[in-house]
Amino acid sequence: MPFSRRFFLFSSSFVVLCVIATFAQSEPSIRRANDAVTTRDADPLVTFVDQQIRQAWEDNEVQPSERADDAEWLRRVSLDIVGHIPTADEIETFLADESETKRADAVNRLLDDPGYVQNWTTVWANLLIGRQTPRLTSRAGMEKFLREAFTKNRPWNEVVYDLLTAEGHYEENGAVNFLLGQLNGNPNREDYTVEATARVTRLFLGTQVQCTQCHNHPFNDWKQEQFWEFDSFLRQMRRVDHRKTDPKTGRRIDDFAELVWKNYEGPVYYERRSGVMEAAYPYYADQQVDPAGTTDRRMELAKVMARDDPDHQVARAMVNRMWGHFFGFGLTRPVDDMGPHNPPSHPDVIDRLTDEFAASGYDLKQLIRWITSTEAYQLTSQFNDKNRIDDPSAGEVPLFSHMYVKPFTAEQLYESLLIATQATAATGNYQEAEERRRQWMREFLLIFGGNEDDEPTLFSGTIPQALMMMNGDLVRAADSGMPGSTLHEVLTDERLRSDPQRIQRLYLSSLGRLPSRREATMSQKLISGSPDKLAAYQDLYWALLNSNEFVMNH
Amino acid sequence: MSHSRGMSRRHFLSHLATSSLMAPSAVHFLSNLEVHAAEVSKNRKACILIWLQGGAPTIDMWDLKQGVKTAGEFNPISTAGDLQICEHLPETAKVMDSLSVVRSMSTREADHERGRYYMHTAYVPNPTVVHPTFGSVVSYELGPQRPDLEIPAFISIGGGSFGPGFLGMANAPFVVQANGQITNAQMQGMDERRLQQRLAMLSVVEESFIKSDRGELPVAHKDVYGKAINLMTSDQMKAFKADEEPQQTRDLYGGTDFGNSLIMARRLIETGVPFVEVQFPGGWDLHQDVFNSLRDQLLPNLDKGLAGLTRDLKERGMWDDTVIVCMGEFGRTPRINQNVGRDHWARSWSVCLGGGGLTGGIAVGETNEDGTEIIGKSYLPGDLWATVAHALGIPLDRVHKSNRGRPMKLAGGGTPIEELIA
Chain A
1 MPFSRRFFLF
11 SSSFVVLCVI
21 ATFAQSEPSI
31 RRANDAVTTR
41 DADPLVTFVD
51 QQIRQAWEDN
61 EVQPSERADD
71 AEWLRRVSLD
81 IVGHIPTADE
91 IETFLADESE
101 TKRADAVNRL
111 LDDPGYVQNW
121 TTVWANLLIG
131 RQTPRLTSRA
141 GMEKFLREAF
151 TKNRPWNEVV
161 YDLLTAEGHY
171 EENGAVNFLL
181 GQLNGNPNRE
191 DYTVEATARV
201 TRLFLGTQVQ
211 CTQCHNHPFN
221 DWKQEQFWEF
231 DSFLRQMRRV
241 DHRKTDPKTG
251 RRIDDFAELV
261 WKNYEGPVYY
271 ERRSGVMEAA
281 YPYYADQQVD
291 PAGTTDRRME
301 LAKVMARDDP
311 DHQVARAMVN
321 RMWGHFFGFG
331 LTRPVDDMGP
341 HNPPSHPDVI
351 DRLTDEFAAS
361 GYDLKQLIRW
371 ITSTEAYQLT
381 SQFNDKNRID
391 DPSAGEVPLF
401 SHMYVKPFTA
411 EQLYESLLIA
421 TQATAATGNY
431 QEAEERRRQW
441 MREFLLIFGG
451 NEDDEPTLFS
461 GTIPQALMMM
471 NGDLVRAADS
481 GMPGSTLHEV
491 LTDERLRSDP
501 QRIQRLYLSS
511 LGRLPSRREA
521 TMSQKLISGS
531 PDKLAAYQDL
541 YWALLNSNEF
551 VMNH
Chain B
555 MSHSRGMSRR
565 HFLSHLATSS
575 LMAPSAVHFL
585 SNLEVHAAEV
595 SKNRKACILI
605 WLQGGAPTID
615 MWDLKQGVKT
625 AGEFNPISTA
635 GDLQICEHLP
645 ETAKVMDSLS
655 VVRSMSTREA
665 DHERGRYYMH
675 TAYVPNPTVV
685 HPTFGSVVSY
695 ELGPQRPDLE
705 IPAFISIGGG
715 SFGPGFLGMA
725 NAPFVVQANG
735 QITNAQMQGM
745 DERRLQQRLA
755 MLSVVEESFI
765 KSDRGELPVA
775 HKDVYGKAIN
785 LMTSDQMKAF
795 KADEEPQQTR
805 DLYGGTDFGN
815 SLIMARRLIE
825 TGVPFVEVQF
835 PGGWDLHQDV
845 FNSLRDQLLP
855 NLDKGLAGLT
865 RDLKERGMWD
875 DTVIVCMGEF
885 GRTPRINQNV
895 GRDHWARSWS
905 VCLGGGGLTG
915 GIAVGETNED
925 GTEIIGKSYL
935 PGDLWATVAH
945 ALGIPLDRVH
955 KSNRGRPMKL
965 AGGGTPIEEL
975 IA
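Line by line, the protein sequences give chains A and B. By this note's numbering, the letter at position 530 of the first sequence is numbered 530, and the numbering carries on one by one without gaps. By this note's numbering, the letter at position 399 of the second sequence is numbered 953, and the numbering carries on one by one without gaps.
If you are wondering where the hints come from, they were derived from the structure by calculation, not from laboratory data. Be aware that one or more of the hints could be misleading.
Calculated cross-link-like contacts (lysine-lysine; reagent style DSS-like; alpha-carbon spacing at most 27 Å) [stated by the list, open to error]:
1) Lys776(B) with Lys765(B)
2) Lys765(B) with Lys386(A)
3) Lys223(A) with Lys963(B)
4) Lys955(B) with Lys525(A)
5) Lys623(B) with Lys525(A)
6) Lys223(A) with Lys955(B)
Can you make the complete structure from the sequences, with help from the hints?
Here it is in structure tokens:
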């Protein structure tokens, strides 16, 4: 079954692909960040993507699910763009809005929200240096660089250029932290830059070449030679760690780090499996770079790879990653393992989006507008009887005939709990709040595990996770009913005159929707049956925050 | 950004399938117990890893040198086994007929983190994949075979173990403090009635999300909450209460925190947990003052604990089912530095192990006169874990798949150490 479906997808789209290729060439469309498209349905790119996805539904005899209602959709798009659930007020406003462009307007509002910058800074800091910051690498510096990039909506390829070429002090030039984070050990070792090579190609080119370090990959089109050719571009750098004496203890402690130039000329030598030594010269995308010591190899690489992006591979990698971010599954699985060995589920969708993204000047916000205005993104996460086979978590090729449920990430959970409970509004300043956040993330990583390859999502399904949600400090504080908190507000707000109104408000604040009739009845029973009103409301809110629905983006 | 759904969840779901078989009714439960009874009694195999963080100077413990520049301050003494060990391990010497020492470990990673990784996983660190610590492998292999186990199959006392890597968080070490405290296991100030009230309401919300037909994740969530609540209220939680043991037993283990951790480990294994890692409290990174530290603090503590555990397991008839491994991330330099310390050394060092049907009372392999080289065959961490796997009845040809689909051999493809399994 999977095979035949993939075959269908592939063959049906192939014809269209040829047609589009001509079309795209003859009519390059260039857009800028500020041209917010308000009549989303009319965007020819979105129409095209919708057609392609519909075609695959037809080919696979699948019927799409219903359009998600506004509450479900707003919660989803908020989590995806700003990294947390919407507030109860935002939902009420959105539900009351009768404008035909309300969804497009909401996307634009979210893209302008400070949460957009914070969310994407977090997402990319995690990808670039991992959740557990390597030693003598500055997360603050990394985040500062990213914040600036997302605030200005800098072209993605320019961001990549900076990350590839950065040099200097880890806080003065935050971009260096990406490469710094991949470098450790003796800079004269042959494998000093291997991790950097693997990470650069995976993140920016969407290809996994790490295995080709030692041998030609049986499926991948990268050869061992290419790995070392790419690696040879990264040889002219090293980290320099500065230490100092702690005046209090007299001990030597870490001070700061720098990424500096290291002399390197000529080829890189590597060993084939046969034991034969080979030489690899700096060579990328049919472009040979002078291997002399005077060439700045990283800059040459960045020029070709990021500035020219000849095959739009940098654009394609980002498109696929973005698609995966919004739908839970990319157009290839995993999103960063593209190549002939792993054909995309919707080749024409990724091709077209890639070309248009490049033509837009690598405009991330525009890419997000396109993806969030597709028909597929509007659908509910509920299955129907005609799309039950569309279940990528069971290994099927995604058809995007309904939204896939995404478990919260660590950060989404934390930020959403703050929104749901307004716990920070009640206490402390920004710095205290940041410190609490860091502390919680530390505990979280301990319980949830966390390297960037295998994202700690709230819900990888372990007992300590459940225990933390049920009994941990954060939920307990959130549920304490202290002044300023949601619970306190709901119980004291004069506009909320009855239990049903209060119950509704708590549902909106946590699950982003109104309770069903049965839920309202059961909640009312809980409240009425308890002599202690605060305790009863605490119990209700505890149940809402601990529910499967709260910790899932659907 | 992508939400990977690899082996961890699938494996986790298979756990759920097992446990839901048990759930439906008391009758069903009983008949299941009967069916499992034979298998359960057959399969009580377990491993306790005693971890000596920092890298213990095994040249002063298990493989003493005399009359050379690298010799330490201690004398070797004869033991109940066919080998000599350090004079400051007198209690262990008395049970040494049950334990053996592999004197020919050669593990090349002499950095704390890398060594810790290598000794726990049998793989050297590699940027392309995160390997599971061996406790996670045991949890993955033996956990599903123990449906009566309500607590996690891999418990780490005092922390310090490694993660489950590509085997997924369902096989992560369940960390408990040395005093038996489990983070977040207590619902503070919550009486039974209120807890029930909360859970009833939770069930209403969860059921309605499940009924809304959004796939398997919402169901998995409810099931794990079920397991967590079971844990909070399970009788098996008693296993964590080492202080319930009679004073006599606690004395047997030395009456220390380390002793209590080992008692807890034994109780956990009695309950059916197949892998427990105990972090020795106190560091072994003895760059200075190695002999005083060993004589005054580390060795007496280790000695009483290790000997106590061995005796206790034997008295309870658990010895042949329980493997003990005692090691750190590497050994320490034969050369004694200017601070009367020993530095990191991975080329030639020793590990002590026994139980689980392994041969006791022997020294496997040897080092040269000053301890700087191994004479003859040397062993890698994979060989050690393959020996343990053999003792636990885990087939050595098991291959796990990394998240990228790469096949990974059990115990790094190691081979059981022949002298120990003969």
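Each hint, compared with the structure:
no. : hint                     : result
1   : Lys776(B) with Lys765(B) : holds (12 Å)
2   : Lys765(B) with Lys386(A) : holds (17 Å)
3   : Lys223(A) with Lys963(B) : holds (25 Å)
4   : Lys955(B) with Lys525(A) : violated (50 Å)
5   : Lys623(B) with Lys525(A) : violated (81 Å)
6   : Lys223(A) with Lys955(B) : holds (23 Å)
Going down the numbered hints, you'll see the structure goes against 4 and 5, while the others check out.
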